[in-house]
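Chains as they are written, first to last, in this note's numbering: chain A, 136 to 336; chain B, 136 to 336.
Check each hint, because a few of them may be wrong.
A pair counts as met if it fits within one copy or between any two copies, since identical chains are not told apart.
Lysine-lysine pairs mimicking DSBU-like chemistry, simulated, CA-CA at most 35 Å apart [unchecked claim]: (1) K186 with K158; (2) K298 with K186; (3) K298 with K336; (4) K260 with K158; (5) K186 with K336; (6) K186 with K260.
These aren't lab readings, by the way, just hints derived from the structure by calculation.
There are 2 protein chains.
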Amino acid sequence: MFLPEPIQRLIDALSRLPGVGPKTASRLAFYLLRSPDELSSELSEALATIKTDIAYCQRCYNITTAGRELCEICSDSRRDQNLICIVEEPLDVIALERTGAFEGVYHVLDGALSPIEGIGPEDLKIQELMARVEGGEVGEIIIATNPSMEGDATAMFLQGQLKGLVARVTRLARGLPMGGDLEYADQNTIQRALAGRQEMK
Amino acid sequence: MFLPEPIQRLIDALSRLPGVGPKTASRLAFYLLRSPDELSSELSEALATIKTDIAYCQRCYNITTAGRELCEICSDSRRDQNLICIVEEPLDVIALERTGAFEGVYHVLDGALSPIEGIGPEDLKIQELMARVEGGEVGEIIIATNPSMEGDATAMFLQGQLKGLVARVTRLARGLPMGGDLEYADQNTIQRALAGRQEMK
């Protein structure tokens, strides 16, 4: 193409981000070119340091600032260390924390079981979870893997592993999402909502 | 929030890009964190140099590599230097070049007339265009401003300015939907619009 190399290079790099096609990449690149120096330099610096400044909590495997052994949640004495919520990704921790409705701690698996993609139990932080459970006095484990094939398989597997070791193993409720429309819900969701119906008190 | 500062900083910077909300920014940040070092470093370096490595062509005001006086198109002897296509933005040049249907050169106005936003003729590269027209032997000027209120107003204004100075002043044919954006139009639409350009009377 006839584009100057510096901007082509930026467009190429932006195009590699998920959900960013060549046209969006061009728009972003030209937006950055026209906006104050400070935006591109701030973004550049944040990107330059992200890999070195972020580490993983040695207990729950959520992200934390490099240099810390435990993340903020694991080292927070107000959190219930005996209530563990298992999630697939750090982004899931953010989603749960945003609700303010959970007072326990997390365990980030770093994915879900997927025979198709060749992801087995040894690829996830399951051994680390078992060590954590065996070493402590965990009262309840909430399995919050995604409501997908892989998430379900992972939940079933974990339930088998944890049986007898933890008093209570629960899973996030399935049902109709808030604000959703019954007529637009898929069959599986409605089936689950029916099966999991609850007494009105 | 409880997020480690390095990733929060990256999310904040990404959120300032157009069309990127806080959730998309989080997704992108975590994607960058998980992908090979090379992607974030490549993006970081491209961003760091974009402002200093890009300059503007002193003839058409399109972007070019810093250190060059004229852009690749203006310095290309195979291009018809007497056929000038006037566009609002460098992105519009890309859209037109992608069609391969134009053999002339460009003039980038750097915007369009907009009384509401307080953008008058003196804010655009119109003086520079007039100097270019008066100094050369321009055979035809194609006005390719966006098919919008501002683009129309700009085209009308330019027509008035250019009358008597240039043999032919044309405008891209309608076929471009009103309110649309030139850079988003597909190649065929742009090609048709180029081929069907009409005399301004």
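Going through the hints against the structure:
Taking the shortest alpha-carbon separations for K186 and K158, both the intra-copy value of 28 Å and the inter-copy value of 20 Å come in at or below 35 Å. In this assembly of identical chains, K298 and K186 lie within 35 Å of each other by CA distance neither inside one copy nor across copies; the values are 37 Å within and 59 Å between. Taking CA atoms no more than 35 Å apart as the test, K298 paired with K336 passes inside one copy only; the shortest distance there is 10 Å, against 81 Å between copies. Taking the shortest alpha-carbon separations for K260 and K158, only the inter-copy value of 25 Å comes in at or below 35 Å, while the best intra-copy value is 38 Å.
In the homo-oligomer, the alpha carbons of K186 and K336 never lie at most 35 Å apart, since the shortest distance is 42 Å inside one protomer and 61 Å across protomers. For a Cα distance limit of 35 Å, the shortest separation of K186 from K260 inside one copy, 20 Å, qualifies, whereas the shortest one across copies, 43 Å, does not.
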